[in-house]
Amino acid sequence: MQNWDLIGHSWAVDYLRHSTATGRGAHAYLFAGATGIGKALLALRLAQRLVCETNGPDPCLVCRACKRVEHGNHPDVRWSSLAQQSAESKEDTKSRELKIDTVRAWQHDIDMRPYEAARRVFVLDDANTLTEQAANALLKTLEEPPPYAVLILIAQGAGDLLPTVVSRCRVLKLRPVGRSLIAAALIQRFNVSSGDAELLAAWSGGRIGWAIRLLDQPELIEQQQARLDVLAELQAAGHVARLKWAEERAKEYRSDHEVVSDWLTLWQSWWRDILLLGAHCGDAITHLDRREDLQVLASATSLADAQRFLTRLDTARQQLADNVNPQLALEHLVLHLP
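0 is the number of the first residue of the sequence shown in numbering that gives the first Met the number 0; add one for each residue after it.
Simulated from the structure, these hints should not be mistaken for lab results.
Among the clues, some could well be false.
Here are the computed lysine-lysine pairs in the DSBU-like style, where the Cα-Cα straight-line distance is at most 35 Å [claimed, not checked]: (1) K98 / K139; (2) K98 / K66; (3) K139 / K66.
Derived Cβ-Cβ restraints for the label pairs, each shown as a range [what the hints assert, rightly or not]: (4) T163 / E246: 37 to 43 Å; (5) S94 / E246: 23 to 29 Å; (6) N72 / K172: 50 to 56 Å; (7) K172 / V239: 41 to 47 Å; (8) N190 / A240: 18 to 24 Å; (9) R23 / R307: 46 to 52 Å; (10) K172 / D110: 28 to 34 Å; (11) S192 / C280: 24 to 30 Å; (12) Q224 / S18: 42 to 48 Å; (13) V323 / C62: 51 to 57 Å.
Cβ coordinates follow ideal geometry from the N, Cα and C atoms, glycine included.
Sequences are here, hints too, so could you generate the full structure?
Encoded structure:
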């Protein structure tokens, strides 16, 4: 895809190339999709395209402007996120919401004219965590931005944003990248063996960023395998062991919601594999290296039981989001483990 240098999402690149080249680009975009799927990189490439010194349909990635955007120090590209908010905050370094002060600081910069480029680009990452107050404050800017400004919101899902915010943006929902494409990229770009590439591609769930992150942090692979061992053992464990697991996860949840979310996501992938094998769709399973263990479980579990437990996992996740007591929600889950 020329110099956009993305893995997958060719339809999104083609759309952005055409719309910006023909002068039909939007004043505000919303890039939505799962974590690690490529939203931030697409936003980075669009920002580079809009300030690139060559002014072609693609960012050259080698001019001074493109390099400055890559390094985060271009005066006409402003990037805000939860991480930046936490870094700048003296009171709450573990905020899970983008606050109105962050939006107002972002908006203040929008009123300034470009320094070097013809346009100014403003990227708001983690937009799905905007408080209602912050989202409402953003509406006026999205509706009537200065003619030189392009706004890019990045969110895990458009459904987490106010409909009035979504309606003011051109929405691009990034879809999971195919396994074969991810595996090929890991082999060609990162010199990963074919077997490891296939496994990482399966694990990634179509999220190329997540697969690359595992290459950079191999300890995460060990952590995932250890967690899978625990979940597999839990299958044959008694009520005491299951309730102890629920208690441990509830303690984790009180200090870090993401850790428990990762546990539930991993467990969902495990039970999805059991369901797929039970339905004779083994080519689509995630945990390729545990096929034999999964096949034993699939043979001993009815499709109805597997589907019911997957539904319970979804319910537990929603209950935690709704501030149900985490230990009660997780205990109810493990006590219904087939």
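Should the hint that V323 and C62 are 51 to 57 Å apart at their CB atoms be regarded as holding?
52 Å, holds
If you check the beta carbons of R23 and R307, does the distance land in 46 to 52 Å?
Since the Cβ atoms of R23 and R307 sit about 49 Å apart, the hinted range of 46 to 52 Å holds.
Using the Cβ atoms, figure out if S94 sits within 23 to 29 Å of E246.
The hinted range 23 to 29 Å holds for S94 and E246, with Cβ atoms some 27 Å apart.
Evaluate the given range 42 to 48 Å for the C-beta pair formed by Q224 and S18.
44 Å, holds
Satisfaction of hint between K66 and K139, Cα-Cα up to 35 Å:
32 Å, holds
Does K66 lie within 35 Å of K98 when you go C-alpha to C-alpha?
Judged against 35 Å, a Cα distance of about 30 Å means the pair holds.
Kindly confirm whether 28 to 34 Å is satisfied by the beta carbon distance between K172 and D110.
Since K172 and D110 have Cβ atoms about 30 Å apart, the given range 28 to 34 Å holds.
If I claimed the Cβ atoms of S192 and C280 lie 24 to 30 Å apart, would that claim hold in this structure?
Between S192 and C280, where Cβ atoms are some 26 Å apart, the hint holds.
Verdict for K172, V239 (Cβ pair) under range 41 to 47 Å:
Between K172 and V239, where Cβ atoms are some 44 Å apart, the hint holds.
Holds or violated: K98 to K139, with C-alpha atoms at most 35 Å apart:
Given that 35 Å is the threshold and the Cα spacing comes to 16 Å, the pair holds.
Assuming the hint says 50 to 56 Å, is it satisfied by the Cβ distance from N72 to K172 or not?
30 Å, violated
Has the hinted range 18 to 24 Å been met by the Cβ atoms of N190 and A240?
42 Å, violated
Going down the numbered hints, you'll see the structure goes against 6, 8, while the others check out.
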